[in-house]
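Asker: Build out the structure end to end from the sequences listed, making use of the hints.
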Amino acid sequence: MNAIILTARLDIAESLRSRWFAFYSLVFGGIIVLLFVFGLTESRILGFTGLSRLLVTYIQLCVAILPIFILITTVRSVAGDREAGVFEYMLSLPVPLYAWFWGKMIGRFLVVFLPVFGAMALAALYAVVRGVGVDWSLFLVYTSLLVSLAWAFLGIGMLISTLARSPDVAQTGAFLVWLTLLLFLDLILLGVMIREQLPLEAIMAIAVANPLQSFRTAAILLFDPQMLVMGPAAYVILDALGRTGYLVFAILYPVVLGTLAAGVGYHLFRRGDLP
Amino acid sequence: MISFANVSKTFKRHKVLDGITLSIETGERVALVGSNGAGKTTLIRCLLGEYLHEGEVTVGGLDPKANRKAVLARVGFVPQIPPPLKMPVGELVNFAAAVCDSDPERIIAMMRSLGLDWDMVRSRPFVKLSGGMKQKTLIAVALGRDADLLIMDEPAANLDPEARHIFFQQLHDRKDRAVMLITSHRLDEVASLVNRVVEMDQGKVALDDRVADDVEMTAKLDCTVRLTRPEPAFAKAMADWRFVSEDGGVSWNGALNGPDRLRFLGVLARYAGLVAGIEMK
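Just so you know, the protein sequences line up as chains A and B, in that order.
117 is the number that the UniProt record's numbering gives to position 117 of the first sequence; each next residue is one higher, with no gaps.
70 is the number that the UniProt record's numbering gives to position 70 of the second sequence; each next residue is one higher, with no gaps.
Residues from chain B that face chain A, not an exhaustive set, calculated with beta carbons under 7 angstroms: (1) Leu48; (2) Pro83; (3) Phe95.
Hints were generated in silico from the structure; no laboratory data involved.
For each residue, glycine too, the CB sits at the ideal point set by N, CA and C.
Answerer: Following this line, the structure appears as structure tokens:
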């Protein structure tokens, strides 16, 4: 366990020094500032009642930015380290492989999650200071959704890093995975599939299996409990799982997916050539 | 202590190691030489448990892949190309000491003895150090703990004469209780450090021979070189070895580390037509 903490700490320190982390934090901090500047002003005109609308917009932006950020930075750093000879040296030290792999994953998770959460927490803090009501249960659900989304893509990123032997291949693979998941979002390929009258069960299975879609549907569910914007698909989801059931699924499923992907990655890492 | 039994490794149908069988006992200092692509690095990676391979590799009877912690705790490794670690040197030292259950002060003391200013380098990113400083740091991490299997890839290449002397002294102190595997493209770089030479060629052992040497690794030799006439290019070469001349460049005097003799003679060979006499004692 000590070796996992040591590796995680090393990875966190390494990330905090890197330029991508500064840029990454700036992006999410910047989004919140922009939402305050434009969102709150507009809300006051309409009658501002809380942070819900701002958080909904923020979380919708997160689903677009967070996965690709996590995938690209993870595969670049892990596959890049391997190619540059960092693995050859660091793994000549008696650090257990499980500690190296999972320590990296945990360290990286904290690094990618904290700026996103930090920006959201700052927004909530600002609202509290200004005397605006914050729905803390909603805040908690959003946080959990972000945790599960970040973990899912981190796991997928670690798997791609293990499979690819060079940073270029890893980066291309990560981009393709992200693009595929993006294409299967409801408004793009799923819409086409519905129009082509494919079996509803198949379309729902694809939608539910896509962590981007499950995150997005849960986010919609939080501000639109009837999910009117989703059309008939909403009935299937609500009939099958109910609101709470779907939220539990949307939080747990990406965590399981990320852990499984990382688990397969670890298995391959342990069984293959390390450098 | 180390055994390679019919070890082969193939990358994309290209056999990089081809049935290597070697046994190395405690007290042996082995020069692993061969040209680029001969299989030296691959053999070392198999020994470190970093590669899958055919055949069997054991260190003290243990498979390095299956017993990473137990085997690697005994290994001090200095790679040929320093890794581009962005972490500060202090962080590297602390991490290495922590995973090796060692005291970071030992590594720091070793760094100081090799001539590194710890207070200056501790907060500097490893990747920003000069080639010599990186080499000294990696050597200190390898030697600043109880490692009895030293695997070093051209370890002294970037070291200044004082640091080389300290380094040779450290190797000398461990020569009877450790195994040293020192790789190089050129035998003359490492010949004086070792008592056995294994030459690899196209993934096979081409030569396995013993070396007899009466000069201790820690020896310092007073050396005088006499020329038939002064030569500016020779003067420049001697300045690199910190030799001085008091008669306008005809006679040159200086001190040599015992293990550096062959390398020094290699330099003199380039001026063989000018050399009137050499004395080493």
